[in-house]
Amino acid sequence: MKRAHPLTTTFALSALAFLYLPLLAVVVFSFNSAKFGFNWEGFTLEWYQKLFKNEQILELTQNTLFLALVSTAIATVLGTALALGLERYPWGRRMRASLETALYLPVVTPDIILAAALVVIFGILQTVSSVFQPGMLTMIIGHVTFQIAFVALVVQSRLAGLGRELEEAAYDLYSSYPDLLRRVLLPLLAPGIAAGAMLAFTLSLHGFIISLFTAGPSSQTLPLFIYASVKRGISPEIHALSSLMLLATLVLVLGSERLSRRKA
Amino acid sequence: MTALKKTPSNTAPSRFVVWYGELTTSGKLGRRGWLFALPGVLWLLLFLILPGLAVVAVSFAERGQYGDIQWNFTLENYSRAAGNGIFGWSADTLLALARSLWTAGLTTVLSILLAFPLAFFIASRPEKSRYLWLTLVIVPFWTNLVIRAYAWMLLLSPESPITRAASSLGLVEAGAALYPSDFAIAVGMLSTFLPFVVLPLYSSVERLDWSQVEAAQDLYGRGIRVFMHGILPQVLPGLTVAVILTFVPAMGMFVIPDLLGGGKFLLVGNLIQQQFGSSRDWPYGAALSLVLVLLTLVGLHYYRKYGKGVELV
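As you go down the protein sequences, you meet chains D and C in turn. With the numbering used here, the residue at position 41 of the first sequence is 41, and numbering never jumps. With the numbering used here, the residue at position 277 of the second sequence is 277, and numbering never jumps.
Calculated directly from the structure, the hints in this document are not laboratory data. Owing to the predicted nature of the structure, the values given are computational and were not obtained by experimental measurement. C-beta: ideal position from N, C-alpha, C; glycine also. Watch out, some of these pointers could steer you wrong.
[As the list claims (entries may be wrong)] Which bits of chain D does chain C cover? Going by a derived footprint, with three or more residues having C-beta under 8 Å, they are: (1) 105-112; (2) 127-141; (3) 153-162; (4) 236-246.
[Stated by the list, open to error] FRET-style restraints, in silico, Cβ to Cβ: (5) D:L24 - C:G223: 29 to 37 Å; (6) C:W102 - D:G92: 22 to 30 Å; (7) D:Q56 - C:A176: 46 to 54 Å; (8) C:S168 - D:S229: 25 to 33 Å; (9) D:Y104 - C:L169: 42 to 50 Å; (10) C:E173 - D:V28: 52 to 60 Å; (11) D:L65 - C:E173: 18 to 26 Å.
[What the hints assert, rightly or not] Computed, partial: chain C to chain D, Cβ under 8 Å: (12) G27; (13) L50; (14) L136; (15) V139; (16) L145; (17) L154; (18) L236; (19) P237; (20) Q273; (21) G285.
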């Protein structure tokens, strides 16, 4: 690879700075004791302390984490199974094409469309059963629907990278299919599955539009709360909250990078 | 399928197949494939395909007095999307559609321009540190959209250093904020979608065959021609993915215009959100959603037609 031209480097680093400027601003503000405005009035942890005493925010955190954990668990199981089914069996060409189209539809449509479609179907289903009133269940369903594709994508690429030799070797040693799955395929896939799950978790943690459309009054989440407070006029606690969510993202993204790069 | 035919044991009784080392029958194999795929397929049918069809159906229905759905066939929602309101024709909806196309297109172009140096820079790093740089690009991509939009509201507010610098250069009036404005929307969109472009572009740039570039230079090609003939054809596949990953979500974006445009610069996304939120007019919202899907497909079609017909992914 060639050396980068100094001009290229300058532009590249400015682009990165442009990406990080807003994130940095929020973190800096979370430690600023000034309540309004841009003036730096000294370092404080006050906003973090207030945040941890705010019961509403603690409840929202619980909701957000519950939603992310449950939807990620469901999406990981479904997505992994789908990837295994798609990648390891002789589907007809038409069948495979239509399965893959359905699977990747959420990735290539604006998410507001999926959100709108879910509102409509839940609205219709509500007349059948009150289970489909806007609330935690409808949010979980919405999140799972867009997470499945991401889990399946990650697991599928890992499966394709694995090759078939180890499976063939296992059969040559008279392995049964359940044994192969349990002792060969799943352990080899584990880093891919974990990476997919972590991405799905991050997506759910920040998932905003689908939450906004499908949430009920008792199932508010942190992104919805932040959005509402931005519209109302923000308090510095939000800076602290945002910084903590940034930190969580950083840990998750770095973790999933690590896992997906690990050699089998 | 082809793998099945290639295996030698196909000469044995036709029911038996050897599928990558496993002696099995095609029926068993198919059943197992479905067993794995079925739960996911059912989920997608129920919560993706069915809702999609419901949107199509509802877009031809009427809004009841209380925001409910009356199943009377009508084309009124589409006529409204074309601008025909109770008070006669107005350009507002069409303007929002045009603005969405323009904003998404502009975002895509600007992101690509900014992504090129970044992709080349990362590819020029030593192999070990490339992952670190890539991760640096990915992290903002996974952070909360609302938080980022809010951060730009802070940075573009009247008392921020950026705004002060702009006003001292005479770009804005003293004491004015840089948002809400088209500029603020563009900045917010650009910072949201830049990572979507850098990642696929980088994967093409990393595999670039530099001998082609050198050949172009040996033939006394100048900067722009070297780029057009030596580099662009090679990175086109990555660029195609990048355009799709940027243009499609940008078309439906509503958080950034909502927060950074101050609700004054409406895009289709905002209109749709209103119908499903405060206005509670699902049939009209459904019609707008379908128009949005259609516009996205048209945009992608033209891109593929004039983007030298590169295959998707």
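Hints, verified against the model:
1. 105-112: holds (count 7)
2. 127-141: Violated, because only 1 residues of the segment 127-141 of chain D bring their Cβ atoms closer than 8 Å to Cβ atoms of chain C.
3. 153-162: It is violated: at least three residues are needed, and the segment 153-162 of chain D offers just 0 whose Cβ sits closer than 8 Å to chain C.
4. 236-246: Satisfied; 4 residues make the cut.
5. D:L24 - C:G223: 29 to 37 Å: For G223 (chain C) against L24 (chain D), whose Cβ atoms are near 34 Å apart, the range 29 to 37 Å holds.
6. C:W102 - D:G92: 22 to 30 Å: 42 Å, violated
7. D:Q56 - C:A176: 46 to 54 Å: 35 Å, violated
8. C:S168 - D:S229: 25 to 33 Å: Holds: the Cβ-Cβ distance is about 32 Å, inside 25 to 33 Å.
9. D:Y104 - C:L169: 42 to 50 Å: 46 Å, holds
10. C:E173 - D:V28: 52 to 60 Å: Violated - the Cβ-Cβ distance for E173 (chain C) and V28 (chain D), about 27 Å, lies outside 52 to 60 Å.
11. D:L65 - C:E173: 18 to 26 Å: Taking Cβ atoms as reference, L65 (chain D) and E173 (chain C) lie about 45 Å apart, which means the hint is violated.
12. G27: 12 Å, violated
13. L50: 6 Å, holds
14. L136: 6 Å, holds
15. V139: Holds, because the Cβ-Cβ distance from V139 (chain C) to chain D comes to roughly 5 Å (cut-off 8 Å).
16. L145: Cβ of L145 (chain C) sits 6 Å from chain D, so the hint holds.
17. L154: 6 Å, holds
18. L236: Since chain D brings no Cβ nearer than about 19 Å to L236 (chain C), farther than 8 Å, the hint is violated.
19. P237: 16 Å, violated
20. Q273: OK, holds: Q273 (chain C) within 8 Å of chain D, min 7 Å.
21. G285: 6 Å, holds
Violated hints, in rising order: 2, 3, 6, 7, 10, 11, 12, 18, 19; the structure is consistent with all others.
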